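J.: Protein chains in written order, with the working numbering: chain A, 8 to 139; chain B, 8 to 139; chain C, 8 to 139; chain D, 8 to 139.
These are calculated hints, taken from the structure and not from any lab test. Check the hints yourself; a few may be wrong.
Pairs count within a copy or across copies, as identical chains cannot be separated in the list.
[Stated by the list, open to error] Only pairs whose alpha carbons sit at most 30 Å apart, straight line, appear in this in silico DSS-like list of lysine-lysine: (1) K17 / K108; (2) K108 / K23; (3) K108 / K32; (4) K17 / K32.
Bear in mind the structure is a predicted one, so any value in this text is a computation, not a measurement.
Number of protein chains: 4
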Amino acid sequence: MNITLQQAEKAIEAAKQKAVAIDTKMNIAIVDAGANLVAFGRMDGAWLGSLDISIKKAKTARYFDMNTGIVGELSQPGGSLYNIEHSNNGLITFPGGVPIKNDAGDIIGAIGVSGSSVENDHAVAETGALAI
Amino acid sequence: MNITLQQAEKAIEAAKQKAVAIDTKMNIAIVDAGANLVAFGRMDGAWLGSLDISIKKAKTARYFDMNTGIVGELSQPGGSLYNIEHSNNGLITFPGGVPIKNDAGDIIGAIGVSGSSVENDHAVAETGALAI
Amino acid sequence: MNITLQQAEKAIEAAKQKAVAIDTKMNIAIVDAGANLVAFGRMDGAWLGSLDISIKKAKTARYFDMNTGIVGELSQPGGSLYNIEHSNNGLITFPGGVPIKNDAGDIIGAIGVSGSSVENDHAVAETGALAI
Amino acid sequence: MNITLQQAEKAIEAAKQKAVAIDTKMNIAIVDAGANLVAFGRMDGAWLGSLDISIKKAKTARYFDMNTGIVGELSQPGGSLYNIEHSNNGLITFPGGVPIKNDAGDIIGAIGVSGSSVENDHAVAETGALAI
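Turn these sequences into a full structure, and let the hints steer you where they fit.
T.: So this is what it looks like as structure tokens:
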């Protein structure tokens, strides 16, 4: 019930290909069911600040078992989870973090991608998540 | 492809002269291409709290290779990068951080300035960045 | 003068093969010349606590451009660098971190390995470093 | 009763010249009477990990108004200040941090130097402190 390194590397490879296809440079992080880093890759020339963001997106997606952008809708001023980003040594709640499921539908980890627009980040993360 | 200490000191000197010219007292930080501090100067009487802000502005500008104020436009409530400031041990996303380029246009570091209005901070940072 | 993702992945692959050959399960981290993470892999069943250690070993090796074990010899009680581990948000100064050089002899990054005895950790790190 | 930026820059300049004279590459930090950074310079090619160490040495020297090496003699196992390094977000207690006094003998700040042997670090720090 936990992602393997082989699966994580497969997800990163698929994400990288998608990133190249849409002409972006990404940081790509995979965490396991325990929200701990399994694999990571920073493409040459990708934003340095996106390193930490990609890891935090992956953790956030597994912490709450949902896409990070959904958390971000609830964390706005006046929202029910206002400023939840202060927990867990910092969450990132805009799109780019996606849970990873096995064939049985169990969540076995998550992927976080950062380096471009949040739409591109999410598209690359989804490609990675679906590669497993 | 990395800023030298001599270049960093030249940038700080130019920034200080600009700060004096507009009657402000600034903290001025320079980071290299790896976002690590190269040089720093706090003018006498400058706000103490601006010390950390100037360093975070410089790092933020290099983390994303853009002026810090641009990040801040996207990190507002409802914006696509809302609360991105929780990453990287704290970003500062209002104006005053500017990437530094060499003659070939490569980014070799960044400057962060804090101690007055954000308009003044940005003006001083830009003066420092252009001195190289 | 900076390690590429392709080089980092090659180092991780070589390190993994060495880890398998000596029947160990390792966390393997690669940082660039700026001591920022480039690639990471945690082998299935590797100690969870070694995740952070492997990253700190890689950073430590680049911070001081030497094998981590050399720092550890100097940081013992009574040694000239006693308790240096309190700097840089935590160093790891026992063996397992090794600088990575290019063909010209320039240091372009570092590898950190953790998951077994320090002798095994160092052997796997060296194998990874030499693969580039 | 507080070091000025001009004095701090003078100390860094003297320290740099000493560092060159003994063929070393140093990180040099100056803090004021409040133990807050006033000026900093990292010489080209100096150890990256010494950045934080130089700042912590300067702070430690001002925190206790003595050379850092004296603190380190007391922080050894069995010593009266055993593991004092855990305080203040991390002290560095080996040589290289020296208080800075004005002509009246008042402590107005401190200098921290890191990048070589602790003997060299201390020699460069002392040169910087005496330049004021």
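J.: Can you give the numbers of the hints that this structure goes against, from lowest to highest?
T.: none
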